[in-house]
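Participant: Sequences and hints are given; from them, build the entire structure.
Chains as they are written, first to last, in my numbering: chain A, 1 to 288; chain B, 1 to 321; chain C, 1 to 438.
Where hints are given, some of them may not hold.
[What the hints assert, rightly or not] Sample of chain A residues with no beta-carbon within 12 Å of chain C, all distances over it, derived:
id, residue
1, Arg12
2, Leu38
3, Thr91
4, Ala102
5, Gln227
[What the hints assert, rightly or not] Quick list of the computed label-pair ranges, beta carbon to beta carbon:
id, chain 1, residue 1, chain 2, residue 2, range
6, C, Asn190, B, Asn104, 40 to 46 Å
7, B, Arg77, C, Ala58, 51 to 57 Å
8, A, Leu59, C, Asp176, 40 to 46 Å
9, A, Arg83, C, Gly226, 46 to 52 Å
10, A, Phe200, B, Arg77, 51 to 57 Å
11, B, Asn85, C, Gly226, 24 to 30 Å
12, A, Leu9, B, Pro232, 27 to 33 Å
These are calculated hints, taken from the structure and not from any lab test. We put the CB at the ideal spot given by N, CA and C, even for glycine.
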Amino acid sequence: MDENASARLMRRALTGAHRVGLFLAMLVICLPGIWIVLSSLRPTVEIMAKPPVWIPQQLSFDAYIAMFSGIGKGGIPVLDYFRNSLIISVTSTVIAVAIGMAGGYAFARYRFRGKSGMFLGLMLTRTVPGIALSLPLFFLYVRLGIIDTHIGMILAYVALNVPFTIWLIDGFFRQVPKDLAEAAQIDGCTRWQAFWQVEFPLARPGIASAAIFAFLTCWNEFALASQLTRSVNSKTLPVGLLDYTAEFTIDWRGMCALTVVMIIPALTLTYIVQKHLVGGLTSGAVKG
Amino acid sequence: MRLLKSHPRLRPGWLSRFFHRVPMKGFKPSAPFLLLLPAIVVLAAVVVVPLILSLYSSLTPFRLTRPETFFVFVGFRNYLSILSNADFWWAFGRTVLLLTIALNLEMLLGLGLAMLVEKATRGQRVLRTLMMFPMMFSPILVGFQFKFMFNDNIGLVNNALQSLGITQDAIPWLIEGHLAFIAIGIAEIWSSTSIFAILILAGLLAMPKEPIEAARVDGCTPWQTFRYVIWPFVMPFAYIAMTIRSLDVARAYDIVKIMTDGGPAGRTELLWTLVGRTAYSDARMGLANAMAYFSILLSIAFTIYFYNKLAAARAQIGAEW
Amino acid sequence: MTRLVLGISAGLAGLLLSGAAFSADLPGKFPGVTIDVKLIGGQQYEKLYERIPEWEKATGAKVNILTKKNGFDIDKELKSDIASGSTNWCVGWNHSSFAPQYTGLYTDLSKLLPKEEIDAFVPSTIKAATVDGKLEMLPRAQFDVSALYYQKSLYENADNKAKFKAKYGYDLAPPDTWKQVTDQAEFFANPPNFYGTQFAGKEEAINGRFYEMVVAEGGEYLDKDGKPVFNSEAGIRALDWFVNLYKAKAVPAGTTNYLWDDLGQGFASGTVAINLDWPGWAGFFNDPKSSKVAGNVGVKVAPKGSSGKRTGWSGFHGFSVTGNCPNKEAAASLVWWLTNEESQKLEAAAGPLPTRTAVWDWDLKQAENDPYKNEVLAAFQEEAKHAFAVPQTPEWIEISNAVYPELQAAILGDKTSKQALDEAAAKATQILQDAGKL
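Facilitator: Written out as C-alpha cells, the structure is:
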C-alpha cells in the first residue's frame, strides 16, 4: 500500500513538473511574439519608454486603421501584398510537397545506382548561398520576362523547398514497413492504389510537417523576394514590411501591426494542417 | 576528402551511371528516374544555370556598376586574395562556432519541447500550433524586435534587469563581443528551435507505440525507455532537421544583418554579413561570389557529416538504406 | 553596335529638341507615349505619386510603375540592372549619396529642361546633383540635413545653470560649437538613466557623421586629386570627439550599434539631452503619442567645429532619366512635374524639406501660426545654407564600409584614433586604386 501511494505521489509530481515545464516553455516561446502584438496596439511612447511601462495604459487600433487607409495617411497596399503572398506561398507549397512526395518515395522505396550521390546532389543545391543565386537568377528572370511575376516567385520557392521536402518525406516513407504495401499488392491493389491507401496515410505526419515547413519558409522569405519582386504585381508581405521604413525613420508600430496581419493566416493554416501530424501507425485502421 | 571517400557511392562516375541506365533500356525510363524528374527539372532551371553564371563570375573582377568587368577573366585571383584575408577567416571561424553552438542547443531544446508537447494530454492541437509560433515571424521583424529588446538604453532586457534590481548598469548587449554573440544566438535560437521541435514531434508521433509498451512491461525506467527505444527512432529525424537547418541559413542572415550587421568593429562579422555587404553595397560581385563558394565548402562538410550520421543512425535501427 | 548608334542618335534628337524647350511648354503633350518608372516606396515617399495621374491627363502619356520599393533595395535593383544591361526603362529614383555610382545610367537633365526651371532650385542642391558636369537628377522635396534637437527644460533649470557655470565658466545655453556639446553632454549625463548625447554608430551613418566633423574641423576627407586624407590632424580631432564622449560615458554604451531608428527612439524616450538628427523626426519628437519630450523640444542649427565651419552632411532624393530612354523629353517632363512647385508644396506640407527656393518661402509662411514648426523650419533653413554633399566618388559607399569598422574600433578603445585612421585611409586608398582612380 505504501508503495502504491508513493508511486501515485511520484506520478502526480511528474505530471505537475510536466505542466510547469510546458507552461514555462510556452511562455518563453510566446512572450516575444505577444510583445509584438502588444506593440501594434500601443502608442510608440509606451513601447520605447524609460522607465518602462509594463502594463499597457492605452490600447488602440490606430495602426491597423492607418494600414488600410490611403497612401499618405499611413496606408500601404496591404491587400495586394496579402494576395501575392497567399498565391505564391500556397501554390509553391503544394507543388513542392507533390514533387517531394514523388522524390521521397523514389528514395525510400527503390534501389538504384547513384542513389547516395543523387541524394547528396539534391541537398547540395541548397548549400549555395542565396547571395550567389540572387543576381544570376535576376539576370535570367529579366531575360525570360518573368521578373516581378507570381510564376517567377513560385518557381524560385519550389526550388528552395524541394530538397527539404524530399528529404523529410523520404524519412517518413522509410518508417512505413515495406511488407504493408506488398501485402496490399498481393491482395490485388496496384502499386498506385497501395501507395494512396496504405503508404500515404502512414507517411502523413511527414507530409504535414514538410508542408508546414515549406509554407512558413515561403511566407517569410525575404532575400530572394526583395530581388525578384518589384511592384504590387508580386511584392509579398515580408518585402512590404519595409514600406514602414524610410531612409531615417521607422514606424515600428506599423510594422508590428503588419506582422500581426501576416501571422493570422499563418497561424490558421498551421492549425488546420497540424492535425495531420498525428497519423502513422497509431491510427487503428492499419494496426496489426 | 576523407569524408567523401568514406562513401563508396560518392566515387566519380555515379552520375553518368545513374543517367546511363535510362536510355539503354529501349527508352523505358526507370520508375525512380521518373519520380525524381520533376525535382531535377526545377532545380536545374532555378539553381544550376545561375550557379554556373556565379561560379564564372567568381573568376572575374566583376563589379555590378561596371558590367564590362564581367568579361575580364582573372583566374583564381579572388580566391587567392581571400586566402590571405584575415577578416574573412575570422568571419569563417565565427560562423562555424555560431552554427555549432546554436544548432546543438536548438536540437536539444527542440527535442525537449517536442517531448513536452507530445506528453500533454489536453490541448494538443493548440500546443502544437503555439509551438510553431516563432516560425511565423518574418526574420526581418525578429531582427528589429531583438535589436530593440537588447538596446542598452531603452531595451526591454536592460529595463527588466534594472527594475528587478539585478544590475544598475546599462549592459551594452550588442557591443561587447561575447554579449553580442549571445544576443544573436538567443534571437536565432528563439526563431528556429520550433523547426527542430516540429520535425522531431512529427517523428515522435509517427513512432509505433508497441516498443514503448514493451519497454514499460520489461520494467525500463523512463530514462532507459528514452535512451534505448525513443531516441534511436527519433535520431534520424533530428539529423534531418540538423541538416536542413545548417543549410537554411538565410533566416539567420536577416536577423544578424539587422541586429548588428557584423559590428561593432567587426566583432560579430559572420560569413553572410560579409558576403552580403561585399556583393551589393560594395558592388564587388566577383569577390563576393568567390567568398560564397568558399563558404559552400563549409555547408558541404556539414551536410556530408550529418548525412553519414543519418546513415549510421538508420543502420542502428535496422532500416534499410 | 546598333545599340551604340541608336544611343547616339537618341542623344542627338534630345539635344535638338531641347533647344526648343521653354518652361511655358511644360509639361508638354506626349500622346501615346508610355514611360516606365522605378520609384522609391514607403509611406513618406508615396504621397507624391498621387500627382502622376494628373500628369498623364495633362500630357496624354501613360506612366507604368515597374518598381516601387525600399531605397536600399532599389539601389540593389539599379545595380543589377546596370550589370545585366536592362536599362531601357525611363525614369528612376536617385539619391545624392548614390548618384555617383550610377553615372553611366542616367542622362544630363540640363540639356532636356529649360534653364530657368533649373535655376528655381536651391543652387547648392543643383551643384550637389551635378556629377562630372552632368545634372544627374532633379531633387524632390526630400532634402535631408541634420540640426540639433535638445530638451528645452534642461536649459531653463536654474540649478543646472548655476552648476554648469561654476564648472565650465560660461553660461548654459543650447550649444553653438561641438566643444560645448561635449561639455554639456558630460554635464547632463547620468548613466544608465540619462545621457548627454548619442551618435549613429555604424555603416554609412557613422562615416557620414565623421566626414562632416572632419570638414567642421577644417580637414578634408578626399583631397583635390581624390586621395583619402582624413587621417590628418583635423581627422584625428574629429574622431577624438566621438572617442572622448564614449570614454566619458556621456553617450549610451550601445551607440556604436545605433542606426537612425535607435537614435530617434532614444531621443523620443526622453533619456537623451542633445541629439543631432534629421528633419524627418521633427514631427515624431513633438507628438505626445510617440514621444515623451513632446512640447519640450528645441531645435537649433548644427554647431561649429574648431575651424568655425558648421557640420552639414546632407543628401536628397530626386528623379533621373536614363540614357537609354526612348522618350527622353516625356521622361524629363515627368521628372519636372514631380519636382515642380505644386509637387514640392504637397510633399513639404507633410514635413520634409523642399529644394526649391520659392517653396521654402511658402513653407515658412504656412508655419506662421505654429511656433514649433516655425522653429524647426528656421533652424533647418539656416542649416541648409551650410549643407554639403558627400564626396562625389562612385566608391563612396564602398569606402564607408571599409572605414566604419575602424572608426568603431577607435571609439570602443581597441585602437587609438591615429592607428584607426591610418589603417582606414590605407584601405580607402586601396579601394580607389583597385577602381583605377589613383
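Participant: Could you tell me which of the hints above the structure violates, numbers in ascending order?
Facilitator: Hint 5 is the one this structure does not satisfy, whereas the remaining hints hold.
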